[in-house]
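Chains A and B supply the protein sequences, listed in that same order. The first sequence begins at 1 in my numbering and counts up one residue at a time. The second sequence begins at 485 in my numbering and counts up one residue at a time.
Because the hints were derived from the structure by calculation, they are not lab data. Values in this document were obtained by computation on a predicted structure and should not be read as measured data. Idealized CB from N, CA, C, for every residue including glycine. Among the hints, a few may not be true.
[What the hints assert, rightly or not] Computed spacing ranges between beta-carbons, pair by pair: (1) A:Ser405 x B:Ala505: 27 to 37 angstroms; (2) A:Ala132 x B:Thr671: 39 to 49 angstroms; (3) B:Arg669 x A:Glu383: 30 to 40 angstroms; (4) B:Lys514 x A:Ile16: 37 to 47 angstroms; (5) B:Arg667 x A:Gly85: 22 to 32 angstroms.
[What the hints assert, rightly or not] Computed far set for chain A versus chain B, every beta-carbon distance over 12 angstroms: (6) Arg265; (7) Asn298; (8) Lys412; (9) Arg429; (10) Asp442; (11) Ala463; (12) Gln467.
[Claimed, not checked] Here are the computed lysine to aspartate or glutamate pairs in the EDC-like style, where the Cα-Cα straight-line distance is at most 20 angstroms: (13) A:Lys41 x B:Glu556; (14) A:Lys49 x B:Glu609; (15) A:Lys203 x B:Glu609; (16) B:Lys635 x A:Asp238; (17) A:Lys395 x A:Glu356; (18) A:Lys10 x A:Asp71; (19) B:Lys694 x A:Glu191; (20) B:Lys528 x A:Asp286; (21) B:Lys574 x B:Asp557; (22) B:Lys500 x A:Asp95; (23) B:Lys514 x A:Asp71; (24) A:Lys111 x A:Glu131; (25) B:Lys500 x A:Asp93; (26) A:Lys49 x B:Glu530; (27) B:Lys694 x B:Glu655; (28) A:Lys79 x A:Glu217; (29) A:Lys203 x A:Asp93; (30) A:Lys111 x A:Glu217.
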Amino acid sequence: MSLITVDPRKAEPFPIAAAELLQDTQLRKNVAHATDVIQRKRSALVAEKADWQALRSAGAAIRREALLHLDSYLEQFEKQVTAAGGHVHWASDADEARRIVIGLLRDAQAKEVIKIKSMTTAEIDLNHSLEADGVRVCETDLAELILQLGADQPSHIIAPALHKNRHQVRELFAREMHLPELTDDPPALTEAARRYLREKFLKVRAAICGANFLVAETGSICIVESEGNGRMCLTLPDTLISIAGIEKVVPRFSDLEVLLQTLPRAATGERMNPYNSVWTGVTPGDGPQNLHVVLLDNGRSNLLADDMTRQTLQCIRCAACLNACPVYRQTGGHAYGSVYSGPIGAILTPQLHRMEYGQSLPYASSLCGACYEVCPVKINIPELLVYLRSRIVEKNKGKLGSIFSQERIGMKMMARIFLNHGRFENAQRMARVLEKPFVGRDGWVHKLPGLAGQWTAGRDLEALPEQTFREWWQTRNRQERGPR
Amino acid sequence: MVANPQQAREGTTVSKEEVFARVRSALRGKKASAAPAAESYARKGELGAEDLLQLLEERLREYDARVFRCAEDDLGQQIAEVLASGGKSKMVHPSGLPAQWLDARISWTSDADGANGQLSFAQIEALDGVLTAATVAVAESGSIVLQHGPKEGRRALTLLPDYHLCVIFGEQIVETLPECFDRLRSTATRPTTFISGPSATADIEMTRIKGVHGPRFLDVILVNHAV
C-alpha cells in the first residue's frame, strides 16, 4: 500500500502502479462490484429519459458557454456573492488556497473543522496543511470518513472508498471508534458513523465544502449530496468556507434544471439524489453568517486557450466515465496517481500539471469510447486522449535517449515501410523470420527484446501467418490467370 | 509551512488580477464561436392533475415515505392522525403555519418560542419531529423543494429532527424539473433545499442504507384541491 499516492509529481507511471494493484484480487472484486451496480442503475434511469441526448447537448452547451465567457461570469459571480454578504477570495495555486483557508480559520478562531466531501480540497491536499496548523479536520461524508480513519486515498470521484468492502470498513470502525462489538452489517456501520459524527455537527463552529455549481446570475452555490452531512455542514456552523475551481461556474440559475437532471442519473443512477442545497451569500437567521468562497485556478486556466483541451473543464465530476472504463474497472483509481482517476483523470491530471507529470495517463486507455458515450456533458475523452498523446510525443521530442526519441525513430521507419507496398511485403517476410525465436507454443508472441519489449509488456502479439493476405492474393491471381 | 496567512489574504487581489489576466489572455478572440444553449429537452409535463398526484405518490413511496391524501378542510384532523399513527406527540413547527394545522392532541413547539426568537439545536433535536409546508414538488423525481419561508422554517428545522411531516398542495405539484425552476426563478436567491427521499448512503458496497444524517423518516400529506 506504500505505493499509493495521489500526488502526480510523486506517483509511479500508470503501468507500474497498475501492475502492482492488479495483484490485489480483493480490490478488483470490490471495484468490479461497485462499478457494476452503479452502471446498472444508471442505464435503467437514462433509458427512461426520452430526451436524454437533448439534455446531454444542453448540458454541454451550458458548460461550453460558461467557459468561453469565464472572465465575465466569474466577475458576475463575485459581485453577487459580495452583494449577498459573502466574501470571495482568489487563489492562483494550491499553496495560496491553503494559506487563505488557514488565515480564515485563524480569524474565526476555529481549532476544529467539519468537511463535506470535496475533490478540490483533495487536489490541494488541504487536510494535511490544516492539521499542520493545529486545526483538527473531521471528514463527514461516510466514504471520506472511511478514508480518513484508514489514512487511505480516494479511488473514485463520487464513491471514493469503493475499493473497501464491509469487512474492511468494520475492522477500521471497530478500531478507530472503539466499538469492538460492531458487526459488518452496512446499516450497523452507517449507524456507527451517524453517532460518531452527530456530536461533531452540533459542536464544531466552522465547516469547509466544495461546490458542484456556482451560479453567476445569482451568486448561488449548489451542493449535491446523499447523506445529509452536507446540509449539516452548511447549515449549523457559524463559518462556512467553500473551495471551488474557477471552472465550476454556470451562467444562469435555470441552467441547474438541466445539470440537476443529468448529474444524479449519470453519477449514482438516481432520478434525483436525496439532497440538493442551493444558497446565496448569507441569510439572516438561517445558516452560517460568515461565508467565504475561495476560487482556485491551480492550472485550470492553462486548458482554456485551446478549443480541444478546454472541453476538459466542462466536466461536472459525475464519474460515469470511471464506471464505464474497461481500464479503470480492472485497476481501480489508485493506479492513476491523482485524486482524479479514470478517463477524466487521464486527461485532466497531466493538463493541470502542464504535461510535466502524469504523462503515462493518456496511454491508460484502449480508446474504446465508452467514456464519451456516458458523459453527460459530451466531453470527447477518446479524442482528447489521442491529442494529449501527440502533445507528449512533441514535448519529449528533443530529449535524446528517451523512450520517446527511440519510439520516434521506430515510428519514422514504420511510416517509410507503410508508404511503399514492396517495402511492406519485404518487411512482413523479414518479420516472419525474425519473430521465430519469440513465438510461443500457442502461436502468440508474449515477450520481445529491447524497445519492442515495452510494447509487449502490456500486450500479446499474434504471430504472422504462414501466408499473408497479400501473398494469398498474388497466388490466387496467378491461378486464375493460369494456363488458358 | 505557512509563513503568513494575513499576507496571503492581502495578496488575494493580486491573485484575482493574475487569474483574470490568464483567463482573458487564453480566451482572447474566442467569444464569437459561443453558441446559445440548445433547448430541445422536455420542459413541460404532459400529465393531468390526478395522474400527476399519482406519479408523485408513487415516487415518494419508492423512497419509503408514507403518503396520505386529504381535503383541505380535514387537514388538521389528518395531521393529528398521521402523527398519532407514527407515535409522534411532541412536534416542532415554523412560526408561519396556519393555526388549524396544529391539532390540540399534539404538543406543539414553534421555532419562535426559543430564547432569541429561535430554538436551540438541542431543543429541536429533543422533539419527535417537524411539520412544514413546501414550496414546490416535482413528480418525475419525487422531489420536495423547500425555500425556507415562514411555513417551511429555517434550514436547521427540517434537518435536525429524525422525522419530517410535509404538507403539499395540489397546485404546488409540477411534473418536470424545468417547470420547478420556472416557479423558483423569482425567489432564486432564497436558501433552497431539494429533498428526494430520506437521507441515504451507498458508500459501503453500494448497498443503499436509509437514514444517515438528515431525518430518517418522511411522511407526506397531499392536499386535494377544494372543489
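Hints and how they fare:
The hinted window of 27 to 37 angstroms between serine 405 of chain A and alanine 505 of chain B holds, with their beta carbons roughly 36 angstroms apart. Between alanine 132 of chain A and threonine 671 of chain B the Cβ separation comes to about 43 angstroms, which falls inside the hinted range of 39 to 49 angstroms. Range check, arginine 669 of chain B to glutamate 383 of chain A: about 37 angstroms between beta-carbon atoms, so the 30 to 40 angstroms window is met. A hinted range of 37 to 47 angstroms holds for the C-beta pair lysine 514 of chain B and isoleucine 16 of chain A, which are about 39 angstroms apart.
For arginine 667 of chain B and glycine 85 of chain A, the hinted distance range of 22 to 32 angstroms is satisfied, since their beta carbons lie about 25 angstroms from each other. Not every CB of chain B lies more than 12 angstroms from the CB of arginine 265 of chain A, the least distance being 10 angstroms, so the non-interface label is violated. Residue placement check: asparagine 298 of chain A does not keep its beta carbon more than 12 angstroms from all beta carbons of chain B (closest about 10 angstroms). Against the 12 angstroms criterion, lysine 412 of chain A stays outside the reach of chain B, whose nearest CB is about 34 angstroms from its own CB.
No Cβ of chain B approaches the Cβ of arginine 429 of chain A within 12 angstroms, the least distance being about 51 angstroms, so the stated non-interface status holds. Every beta carbon of chain B lies more than 12 angstroms from that of aspartate 442 of chain A, the smallest distance being close to 38 angstroms; the non-interface claim holds. Here alanine 463 of chain A stays apart from chain B, with its beta-carbon at least about 43 angstroms from theirs, past the 12 angstroms limit. Every C-beta of chain B lies more than 12 angstroms from that of glutamine 467 of chain A, the closest at about 51 angstroms, which supports listing it as non-interface.
For the proposed pair lysine 41 of chain A and glutamate 556 of chain B, the alpha carbon gap of about 38 angstroms is over 20 angstroms, so the pair is violated. Between lysine 49 of chain A and glutamate 609 of chain B the CA atoms are separated by roughly 40 angstroms; this puts the pair beyond 20 angstroms, and the hint is violated. Restraint check for lysine 203 of chain A and glutamate 609 of chain B: satisfied, since their Cα atoms lie roughly 13 angstroms apart, inside the 20 angstroms limit. This hinted pair does not check out: lysine 635 of chain B and aspartate 238 of chain A have alpha carbons roughly 24 angstroms apart, beyond 20 angstroms.
For the given pair, lysine 395 of chain A sits about 9 angstroms from glutamate 356 of chain A by alpha-carbon distance, which is consistent with the 20 angstroms threshold. Restraint check: the Cα-Cα separation between lysine 10 of chain A and aspartate 71 of chain A comes to about 33 angstroms, which exceeds 20 angstroms; the hinted pair is violated. The straight-line distance between the Cα atoms of lysine 694 of chain B and glutamate 191 of chain A is roughly 10 angstroms, inside the 20 angstroms bound, and the hint therefore holds. About 33 angstroms separates the Cα atoms of lysine 528 of chain B and aspartate 286 of chain A, which puts this hinted pair outside 20 angstroms; it is violated.
In summary, the hint linking lysine 574 of chain B to aspartate 557 of chain B is not supported, as the alpha carbons are separated by about 23 angstroms, beyond the 20 angstroms threshold. With a C-alpha separation of about 15 angstroms, the suggested pairing of lysine 500 of chain B with aspartate 95 of chain A holds against the 20 angstroms cut-off. Distance restraint check for lysine 514 of chain B and aspartate 71 of chain A: the Cα-Cα separation of roughly 12 angstroms lies within the 20 angstroms cut-off, and the hinted pair is therefore satisfied. Simply put, lysine 111 of chain A and glutamate 131 of chain A have alpha-carbon atoms about 10 angstroms apart, close enough for the 20 angstroms limit, and the pair holds.
Distance restraint check for lysine 500 of chain B and aspartate 93 of chain A: the Cα-Cα separation of roughly 11 angstroms lies within the 20 angstroms cut-off, and the hinted pair is therefore satisfied. As the CA atoms of lysine 49 of chain A and glutamate 530 of chain B are separated by approximately 14 angstroms, the hinted pair is consistent with the 20 angstroms bound. Distance hint between lysine 694 of chain B and glutamate 655 of chain B is unfulfilled; the C-alpha atoms sit about 29 angstroms from each other, more than 20 angstroms. For the hint pairing lysine 79 of chain A with glutamate 217 of chain A, the CA-to-CA distance comes to about 10 angstroms; that is within 20 angstroms, so the pair holds.
Distance restraint check for lysine 203 of chain A and aspartate 93 of chain A: the Cα-Cα separation of roughly 32 angstroms exceeds the 20 angstroms cut-off, and the hinted pair is therefore not satisfied. Straight-line distance between C-alpha atoms of lysine 111 of chain A and glutamate 217 of chain A comes to about 35 angstroms, which puts the hinted pair past the 20 angstroms bound.
Violation of the numbered hints given earlier is confined to hints 6, 7, 13, 14, 16, 18, 20, 21, 27, 29, 30; the remaining hints are satisfied by the structure.
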